[in-house]
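Given the coordinates of chain A, assemble chains B and C onto it according to the supplied hints.
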Amino acid sequence: MHTDRFFSPEPNIRKFARELYQASRKLPIISPHGHVDPSLFSDPAATFGNPVDLFITPDHYVIRTLYANGISLQALGLPLFEHTNPIDPRQVWKLFGSNFHLFRATPSGLWLSTSLHDVFGIQQKLNDETADSIYDDLQEKLNSPEFTPRALFKKFNIELLATTDSGADPLLHHQAIRSSEWSGNIVPTFRFDSLVHLNHPSWRSQIDDLAIVSKIDIINFSKYLQALQTRRDFFRSLGATASDFSALSAYVEECSTSQVDEIFQRALKNQCTPQDAERFTAHMLMEMARMSSEDGMVMQFHVGIFRNHNQPLYQQFGPDIGGDIPLAVEFTRNLRPLLQKFGNHLNFKLILFTLDESTYTRELAPLAGHYPALKLGPPWWFNDSLNGITRYLDLVIEGAGLYKTSGFNDDTRGFCSIPARHDLWRRLSANWIAGLFFRHIIDEKDAHQMMYDLSIGLTRRAYHLEDQGG
Amino acid sequence: MHTDRFFSPEPNIRKFARELYQASRKLPIISPHGHVDPSLFSDPAATFGNPVDLFITPDHYVIRTLYANGISLQALGLPLFEHTNPIDPRQVWKLFGSNFHLFRATPSGLWLSTSLHDVFGIQQKLNDETADSIYDDLQEKLNSPEFTPRALFKKFNIELLATTDSGADPLLHHQAIRSSEWSGNIVPTFRFDSLVHLNHPSWRSQIDDLAIVSKIDIINFSKYLQALQTRRDFFRSLGATASDFSALSAYVEECSTSQVDEIFQRALKNQCTPQDAERFTAHMLMEMARMSSEDGMVMQFHVGIFRNHNQPLYQQFGPDIGGDIPLAVEFTRNLRPLLQKFGNHLNFKLILFTLDESTYTRELAPLAGHYPALKLGPPWWFNDSLNGITRYLDLVIEGAGLYKTSGFNDDTRGFCSIPARHDLWRRLSANWIAGLFFRHIIDEKDAHQMMYDLSIGLTRRAYHLEDQGG
Amino acid sequence: MHTDRFFSPEPNIRKFARELYQASRKLPIISPHGHVDPSLFSDPAATFGNPVDLFITPDHYVIRTLYANGISLQALGLPLFEHTNPIDPRQVWKLFGSNFHLFRATPSGLWLSTSLHDVFGIQQKLNDETADSIYDDLQEKLNSPEFTPRALFKKFNIELLATTDSGADPLLHHQAIRSSEWSGNIVPTFRFDSLVHLNHPSWRSQIDDLAIVSKIDIINFSKYLQALQTRRDFFRSLGATASDFSALSAYVEECSTSQVDEIFQRALKNQCTPQDAERFTAHMLMEMARMSSEDGMVMQFHVGIFRNHNQPLYQQFGPDIGGDIPLAVEFTRNLRPLLQKFGNHLNFKLILFTLDESTYTRELAPLAGHYPALKLGPPWWFNDSLNGITRYLDLVIEGAGLYKTSGFNDDTRGFCSIPARHDLWRRLSANWIAGLFFRHIIDEKDAHQMMYDLSIGLTRRAYHLEDQGG
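Chains A, B and C supply the protein sequences, listed in that same order. Once you know that position 327 of the first sequence is 327 in the working numbering, the rest is easy, because the numbers rise by one and skip nothing. Once you know that position 221 of the second sequence is 221 in the working numbering, the rest is easy, because the numbers rise by one and skip nothing. Once you know that position 370 of the third sequence is 370 in the working numbering, the rest is easy, because the numbers rise by one and skip nothing.
Isolated chain A, as found in the complex (with noise of 0.2 Å):
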């Protein structure tokens, strides 16, 4: 790995980038949304596993650049719904290993080179031919106390990291972590999917759960939403600060009191409609809001997957194989009702995530440039890549202005590609500048205040952070 990667050629712009990149090296990690599972860290003894456990099984990425070139996910180890399917994870990495150029000039690729070579220090390309030895060496390491969770966590340096639980869960492992000696600072985040979509296969069941958590009799839609506000105020005694929720398209519309109360029944009673349900989720966006700008948690959306895209292999496999895939996004109607309610309220924070790139420029960025509430979140999934990072910039900043973006989330389960991905975004932030710097855009001064709001100020910003260190 060089130490120069992902700067320009150009030597004036790769010297200042490689400048502005050294000074945010000391700053610290903050990743405020992802899915890292709390359990890591709540059980001292916790570790990683073995090599294929830490770096194929649970990476979505890696599994769907496998298996879109012929290689079924039996062979990678990946557990059938019917039966288990033991298999040697030494032959699986070696299958990975050799396949590994599969994953040239691929965001997956540089995040594993680079957690080879900085966390475990691997010098040796990956490949068929080294795939043993690396094997070996991976394991050695993941067997020593230096490479636990917890020992990984200081090593990184990170300030936060927040989780993401649904609402309904008791949060068990960050109470543990909580109140253990531990000092990491993990909280979690209030997850609304599996409770708001009425066509979820969990959501009756995670209703249930929700009424025992909460201690309330969820029997109508005003209990429903007292439940909801009962847990927020939980998820924020440990340390949230923040919410999200996951939605096929931005349609918001506030329904009348009757009308969504008309549709919970149904849904308590198994008989909504796919209408229902469209409606009742765009409602519900309404209710986040109101919570938000009352209680002052930030309000994450993530707009346009198809979850499970490939039913075939879902049914074989389950979710989170590779499988979900972007839709075409609207905001500026679809959003309207909800931003004119709340976007103009400053106690109000919503930071939008989308995969429809054509939304930047067209519709994110000059929403983001006037409501006081909106915030744009950094490139989502598959465009938090080179490209997409340096797309991202160039389209977004102009036309939002750099402070009314967030910095930077990792969104990732992989733990050991933290500090690979914010890295990643580092290195581009500091070429971005760079580049401005060279075209008389910015000054230096202006310079190095954007490096430092780029690794962490904006992010401490629109996540409420600032007053947890730095």
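Possibly wrong hints are sitting among the right ones.
Which copy is meant is left open, because identical chains are indistinguishable; a pair holds if it fits in one copy or across any two.
With a straight-line cut-off of 27 Å between C-alpha atoms, the simulated DSS-like cross-links for lysine-lysine are [as the list claims (entries may be wrong)]:
(1) Lys269 - Lys341
(2) Lys26 - Lys154
(3) Lys15 - Lys223
(4) Lys125 - Lys215
(5) Lys155 - Lys141
(6) Lys445 - Lys125
(7) Lys215 - Lys341
(8) Lys94 - Lys445
(9) Lys269 - Lys215
(10) Lys26 - Lys341
(11) Lys155 - Lys445
Keep in mind the hints are simulated off the structure, nothing from the lab. Remember, it's a predicted structure, so these values are computed and weren't measured experimentally.
Same frame as chain A, but now just chains B and C:
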């Protein structure tokens, strides 16, 4: 402000871009579309007022950025509908200065900095410390005869300035300018919007005004068309070469005479429906094209902006406060009836503008690369920026060809930003051309010709200004 | 034509790009999709005619640019339906030459200049002064044996050339080529369009032709499918490895046997509705996928072009005169039935083409990055350009991975432009790879492998041509 600003850091490109740019600086400014108030020039004693009157209050780009970052419009001195809110302009300016970092790397920031530096000779960077003295410096200059609108018009070397005026406007200021001894070439543009959008709040009163200025009793659709034609002729007698229209979509539909007259009669009685308004707009696009193909006025069409998206703010402060948001646009199917009927006429010229950049390669360049009547306007509004202009040139020219574009429009209300906006366009054009030259796509002779064309040649041809100079 | 044309001006990138490009020049051309007329090769005595026959009349890119700039198709010598319009080809050529500036910085301009220089050794820049002598020079060469189609086929080092042929075509020219002593490898491609689009003007007559060549009485849908399969087998016997289909949208719907047969019966009686035609196309996409998964022919699908948009011009001059305009396309929802049913089959290969670049990162790369059966075609039509290719590589590879793309297709009717088009692709590929190398994303070994793959490796794999050479 660096003399080589906005050029590539690559030394060869920078050197040749500078050479091309320097040649273009000798050329006059032609401003064929914008929103400068003609009363600034009809009265020889007119001035720009104070720095806030000039740079903040009327500039919706500035207002939106400050508002989006939590600064109220009251604090910026914007008048509420209900009551005026007298505020010390110096305090507004200091608030602006202390928040000028919000404009980093935005086009507004570049225009403001360039205007302060190039027009008013301000050498300091605007911030909380310098705001006070810059205010004094600006005010002193604004009080002097060298900084009146008429003096700056000459200093800016403006060959032609087109304003935008309702078709019902008596054009008194334009008449006064024409009949004065002052030689500045300022022409009106025939704007259809408030006369065509049946749901426009002032449509009915505008029709009354139209009847008065045209001396035609507008009792039916036929008389309405006749009145419009009369006004087009009058606008042309004052130098107008173009009309302008803006709509939510590019939808065109030719209605029968009876259908359209029925809709018109309902509108006269304040009884038209939203569907009526939509169909009327769709039909009137055909009528505008027909009129243009007959009288030779260029038809400008700005598609896809949702005006006054933030209704609560609109109700307090009115339009043009930064709350207009773009929409996705479809041209291929929507515009087909118009293009099939008039797109092959050599006497018809249609210039299209959009904020939906996804249409550049997909629809606009292919359409302009085929229909003789069609040209593409420059990047509009939020895309009139460093990256927006570069994207436009890279995306549009390959498919449409340079000679199916129409040069640059500053489209501004801010007279003092005109040189800054043309300067940005010319610098980026020079940089783009130099890039083509060093990748050996064009030769040096081509490069110089293209620089002239992008500076003024294309504009002259697109707006029928060939005979007006140069 | 500069030897380093199209490479970055950055010296390191340019040097390495040149090295990569030089290595690729030794590789043959594989042209797996295009529209060259096979009769040029079946008759040993065939020639290209005069320079206008070769470069202007059949090239819809050239025609559209000249027409869009006010030159009539009559003046270019295009035949009207009603009567022929004899025109001196030299006059057409001079008109073309004096307007060659219209092609500045367009892909057509680059292809034309490259073809004139590389194939015909023209050293002068084409313009009004040089047009006459260039015409003479070209005509002299076109009359010589070194410039016959067969001679140039060898000179161009073409390993394989695929044409596009209606499924009802008896392929007489292909049979003649196969049975001749000439060794050029030219294969047909099975094109479904006129056999599937029930509203195609020649559908009924094509079905009659299909019945004759397949010797099957097409009295119902089942016989129709049987006839198509018979023809696929015949095409394969002449070397075809792929089919092709083009539709307005990617909409797929599996109809019941009775539904589709009823539609088919109405079509046979000339009684089908536009909805019938749309559903039939949607259903036939499923049938094509099934056939491909069974017989292993690659399924190419070109989505979203509105043919003959300019109806008045089409009525005068027919199709393929530059009046085809792209449409926005949706893949995620529309293509799902097909991908769910066949996308996991390892024997099925689908290659998608679109003109809607907004789908590159949003839909196409994610889909190809998941479904094993899916690959992405190269930038199509208007996007087969310097910037279009660069955008494609930057937008698609990160999400799909290089090995889910299918190399380059020239897709041309103009045989003499084939080397120019592959040359542009290879130069830009080299430049792109060199950029990755100097940002330390890939190493030197990767770079050389990727250059080979982009030149011919990916094409061989995508079109099942592994056994045909190299």
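Alpha-carbon proximity context of Lys26 and Lys154, limit 27 Å: Result: close within a single copy only, 14 Å intra versus 54 Å inter.
Copy assignment of Lys155 with Lys445, given that the CA separation must stay at most 27 Å: neither (30 Å within a copy, 33 Å between copies)
Within a copy, between copies, both or neither: which one fits Lys445 and Lys125 at a CA-CA cutoff of 27 Å? between (39 Å within a copy, 11 Å between copies)
As a check of your reading, is Lys155 near Lys141 (CA-CA no more than 27 Å) within one copy, between copies, both or neither? This pair counts as within: shortest intra-copy Cα distance 14 Å, inter-copy 59 Å.
Pop the pair Lys125 and Lys215 into one bin, within, between, both or neither, using alpha-carbon distances up to 27 Å. neither (54 Å within a copy, 59 Å between copies)
With 27 Å as the alpha-carbon cut-off, assign the pair Lys94 and Lys445 to within, between, both or neither. between (49 Å within a copy, 21 Å between copies)
Should Lys26 paired with Lys341 be assigned to within, between, both, or neither, using CA atoms and 27 Å as the limit? Neither way: Lys26 and Lys341 sit 41 Å apart in one copy and 51 Å across, limit 27 Å.
Within, between, both or neither: how does the pair Lys269, Lys215 come out at a Cα-Cα threshold of 27 Å? within (21 Å within a copy, 60 Å between copies)
27 Å Cα cut-off: does Lys269 pair with Lys341 within a copy, between copies, both or neither? Classified as neither; 32 Å inside a copy, 33 Å across copies.
Given a CA cutoff of 27 Å, do Lys215 and Lys341 count as a within-copy pair, a between-copy pair, both, or neither? Neither, since 31 Å and 45 Å both go past 27 Å.
With 27 Å as the alpha-carbon cut-off, assign the pair Lys15 and Lys223 to within, between, both or neither. Answer is neither; intra-copy 59 Å and inter-copy 69 Å both fail.
The structure fails hints 1, 3, 4, 7, 10, 11 (numbered hints given earlier, in ascending order).
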